[in-house]
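K.L.:
Okay, here's what each chain looks like letter by letter:
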Amino acid sequence: MLHEPAVKTGPDPAFLYKRRLGAWMFLIYAFVYTGFVVINLVRPSAMEKVLFGGLNLAVVYGFGLIIFALILALIYSQACERREKRLRGEEPRGGRA
Amino acid sequence: MNILSIGLFVLFVAFVLGISFYFAGRAKSASGYYAAGGRIHWGVNGIAFAGDYLSAASFLGICGMIATAGYDGFLYSIGYLAGWIVALFIVAEPLKRLGKYTFTDALDANYNHRGIKLMAAISTLLVSICYLIPQMVGAGVLVTPLLGLPHAVGVILVGIIVITIVATAGMTSTTYVQFIKGGLLLIFSLVLVTVVLIRGLSTKPDQGGRVPFREYRTLSAVQAEGRLVLGDPSWQIAAVREVKGLRFVKLLSEGRESWWKAEPDAATGAVRLLESQFTARLADGTPTVNGAPASKENALATVGNMETIAGKSGDEAATGSLNPFKFLSLVGDPGSRVRLWKNASFDDNGGRVTVYYPVFAAGNKILRPGQRFKVEGTATDRIDFLSLMLALFLGTAALPHILIRYYTVPSPAAARKSTIVAIAAIGFFYILTLFMGLGAMTNGTVNLLDDNMSAPLLARSFGTFLFSMISAIAFATVLGTVSGLIIAASGAVAHDLLDRYAKVIKNDKQKVTAGKIVAFAVGALAIVLGILFKGVNVTFLVGLAFAVAASANLPSIVMMLFWKRTTARGITASIFVGVSSSIGLILFSPTMYELYGKDPLTAPFPLKNPGIVSIPLSFLTLVIISLLTRTKAKTGAPTAA
Numbered sequence: 185m186l187h188e189p190a191v192k193t194g195p196d197p198a199f200l201y202k203r204r205l206g207a208w209m210f211l212i213y214a215f216v217y218t219g220f221v222v223i224n225l226v227r228p229s230a231m232e233k234v235l236f237g238g239l240n241l242a243v244v245y246g247f248g249l250i251i252f253a254l255i256l257a258l259i260y261s262q263a264c265e266r267r268e269k270r271l272r273g274e275e276p277r278g279g280r281a
Numbered sequence: 324m325n326i327l328s329i330g331l332f333v334l335f336v337a338f339v340l341g342i343s344f345y346f347a348g349r350a351k352s353a354s355g356y357y358a359a360g361g362r363i364h365w366g367v368n369g370i371a372f373a374g375d376y377l378s379a380a381s382f383l384g385i386c387g388m389i390a391t392a393g394y395d396g397f398l399y400s401i402g403y404l405a406g407w408i409v410a411l412f413i414v415a416e417p418l419k420r421l422g423k424y425t426f427t428d429a430l431d432a433n434y435n436h437r438g439i440k441l442m443a444a445i446s447t448l449l450v451s452i453c454y455l456i457p458q459m460v461g462a463g464v465l466v467t468p469l470l471g472l473p474h475a476v477g478v479i480l481v482g483i484i485v486i487t488i489v490a491t492a493g494m495t496s497t498t499y500v501q502f503i504k505g506g507l508l509l510i511f512s513l514v515l516v517t518v519v520l521i522r523g524l525s526t527k528p529d530q531g532g533r534v535p536f537r538e539y540r541t542l543s544a545v546q547a548e549g550r551l552v553l554g555d556p557s558w559q560i561a562a563v564r565e566v567k568g569l570r571f572v573k574l575l576s577e578g579r580e581s582w583w584k585a586e587p588d589a590a591t592g593a594v595r596l597l598e599s600q601f602t603a604r605l606a607d608g609t610p611t612v613n614g615a616p617a618s619k620e621n622a623l624a625t626v627g628n629m630e631t632i633a634g635k636s637g638d639e640a641a642t643g644s645l646n647p648f649k650f651l652s653l654v655g656d657p658g659s660r661v662r663l664w665k666n667a668s669f670d671d672n673g674g675r676v677t678v679y680y681p682v683f684a685a686g687n688k689i690l691r692p693g694q695r696f697k698v699e700g701t702a703t704d705r706i707d708f709l710s711l712m713l714a715l716f717l718g719t720a721a722l723p724h725i726l727i728r729y730y731t732v733p734s735p736a737a738a739r740k741s742t743i744v745a746i747a748a749i750g751f752f753y754i755l756t757l758f759m760g761l762g763a764m765t766n767g768t769v770n771l772l773d774d775n776m777s778a779p780l781l782a783r784s785f786g787t788f789l790f791s792m793i794s795a796i797a798f799a800t801v802l803g804t805v806s807g808l809i810i811a812a813s814g815a816v817a818h819d820l821l822d823r824y825a826k827v828i829k830n831d832k833q834k835v836t837a838g839k840i841v842a843f844a845v846g847a848l849a850i851v852l853g854i855l856f857k858g859v860n861v862t863f864l865v866g867l868a869f870a871v872a873a874s875a876n877l878p879s880i881v882m883m884l885f886w887k888r889t890t891a892r893g894i895t896a897s898i899f900v901g902v903s904s905s906i907g908l909i910l911f912s913p914t915m916y917e918l919y920g921k922d923p924l925t926a927p928f929p930l931k932n933p934g935i936v937s938i939p940l941s942f943l944t945l946v947i948i949s950l951l952t953r954t955k956a957k958t959g960a961p962t963a964a
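Chains as they are written, first to last, in this note's numbering: chain A, 185 to 281; chain B, 324 to 964.
Hints in this document: simulated from the structure, not taken from any laboratory. Treat each hint with caution, since some may be false.
Not close to chain A: a few residues of chain B, all C-beta gaps over 10 Å, as computed [claimed, not checked]:
1) Phe338
2) Gly366
3) Ser400
4) Leu651
5) Leu653
6) Ile746
7) Phe788
Computed Cβ-Cβ distance ranges for the label pairs, DEER-style [as the list claims (entries may be wrong)]:
8) B:Leu340 x A:Gly248: 35 to 45 Å
9) B:Glu630 x A:Phe236: 20 to 30 Å
10) B:Asp607 x A:Gly237: 51 to 61 Å
11) A:Lys269 x B:Arg533: 40 to 50 Å
With a straight-line Cα cutoff of 25 Å, these simulated SDA-like cross-link-like pairs (lysine to any residue) come out [to be verified]:
12) B:Lys527 x B:Arg550
13) A:Lys233 x B:Lys584
14) B:Lys649 x A:Gly248
15) B:Lys697 x A:Leu239
The C-beta atom is built at its ideal place from N, Cα and C for all residues, glycine as well.
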């Protein structure tokens, strides 16, 4: 049987831009995630340190990683959409009119 | 068992089956059956992602681990969610662009190589089966308290329902079951956390007046002339056992036996005896609980409470309603003290005893890693922790049953948007797990025999309705995830192996029929494994699936997308090495040695998590084999077209 994508999609001129942006954002998040793991390995007692409102570094960093993932995801989506629109000629160069 | 539980359960099952029959007409083509025709809205797909991903391990396992080990359980939440970043930034759009029905499609799109088809299909099958077992075990765990049915009946029930869902409407019905389950899970988890916060904290939790708080006694003794002497003459010492440096004392009082944990004070020579719970199988095989024959009425009491809250105890410690931040700050306060429970088993009088004994942890130690993962332990302990965090980060984007959901949406942009919805929904849920787990830990709702029941038991402390809803949703959690896994396995066999590898499928209709037959076979296998693996730790098995997926699939996906010199043989070898090394290392790990009944310290591979070895090994294999075969084979990273 033929092998092709389930839904045909045309060429994506933003493909390389999105791949590069995705790779950079992945590296940024991986860096922050690595920081969390490294603190736990090198100085685990630092995780007990209360930062604000009675919340310690473990809780703030843990919640922060979850929220940071969502923020990066939204930035990525917005940037990809903007580039796709621009390359389709729906939005002028330099952002919204 | 109660009428409300049964009613909700029956209603839910009827609804799920109704959806399946309603959508049956859409599953006549292979595209409809395996990819829901690629017509699912990205918003629905995003929540369905959450429904697919938040398995029994996430809901039951993580809450249970937080309830018994504090922040260490939350590490799973952090790692599982971080994995979605890899899925979004690296995998989502290219996979959607390249693939058709299965993960193998995307991997093989630029190569059309039989080795890739074979190895990727085998990897999909193995990962799916590793993931299926804990889900089915979880089904049995849930059905017993919900409907009063034996474990095996629960597993068979789930198997039959899931086979019906998958065989009638394939990915379409699976998507809507996962969507509904994902939505309900989020809503009712939020409700559960809200009522936990409204109740607040107390040192004598009585589950809203439903279950009287049980006080555990402490006796004092002294060590004199090499033996223990009790201060209270109404107690007599019947036996003393040393297990792995811990000392347990059997006492007799009014003709009844009980086991106590001895805590010596080296400075004064005094010894504190802490009342424990225990189960025993006597020499004649009779099971007992706390010294009396085991029965429905005589079971281990649920546990978990704070001894002090920010330095206060008794009535003055009760907080009343709390906001989420205050709740966390009070649990994690250095002046707070939590009573946790551990267990130890040993022989006694020809029988076997398991003692469940209390240990006390300060709040600031509960809300940081260290209770389960020994981050301050040996180098091996630390490497093990690193290995786990690596596998969690890289495993999500390599799980076949998650990857196939990218084919159900109409475009790569929709794949991207649905991943963002998934990150929002799953991230929100994982934040809630910390509150649910700590809620169970501090409300006396931890089952000593099975911490997976912590979240449903916490719900029960708020009344039958919430318990019934949470249990029905937990059951739906199993249905949603198992459906996704069976579809993934079905695609691997019918599409990858029978059609594309063996070329025995002649037309679209045959492929759908083959998929349904495989779904039936995999469902039946899942039932058998779910019964055989009763009692095995579900989180461990899911961790195994993550490690295998991250080792076998991720290196190929990443290198295929980012390294132009990647060859088909490199991918084939990488998957083979990833699968065999991860499974092989797990089989020789301390955890498995414990399951074999051997000393874990004699295990040839010292780590419990193989990812730190098997993932780089798989990458390295791909690079070496690709470089060696690059002149003979077709290469190429995907392009924009």
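K.L.:
Quick check: which numbered hints come out false for this structure?
P.N.:
3, 4, 5, 6, 11, 12, 13
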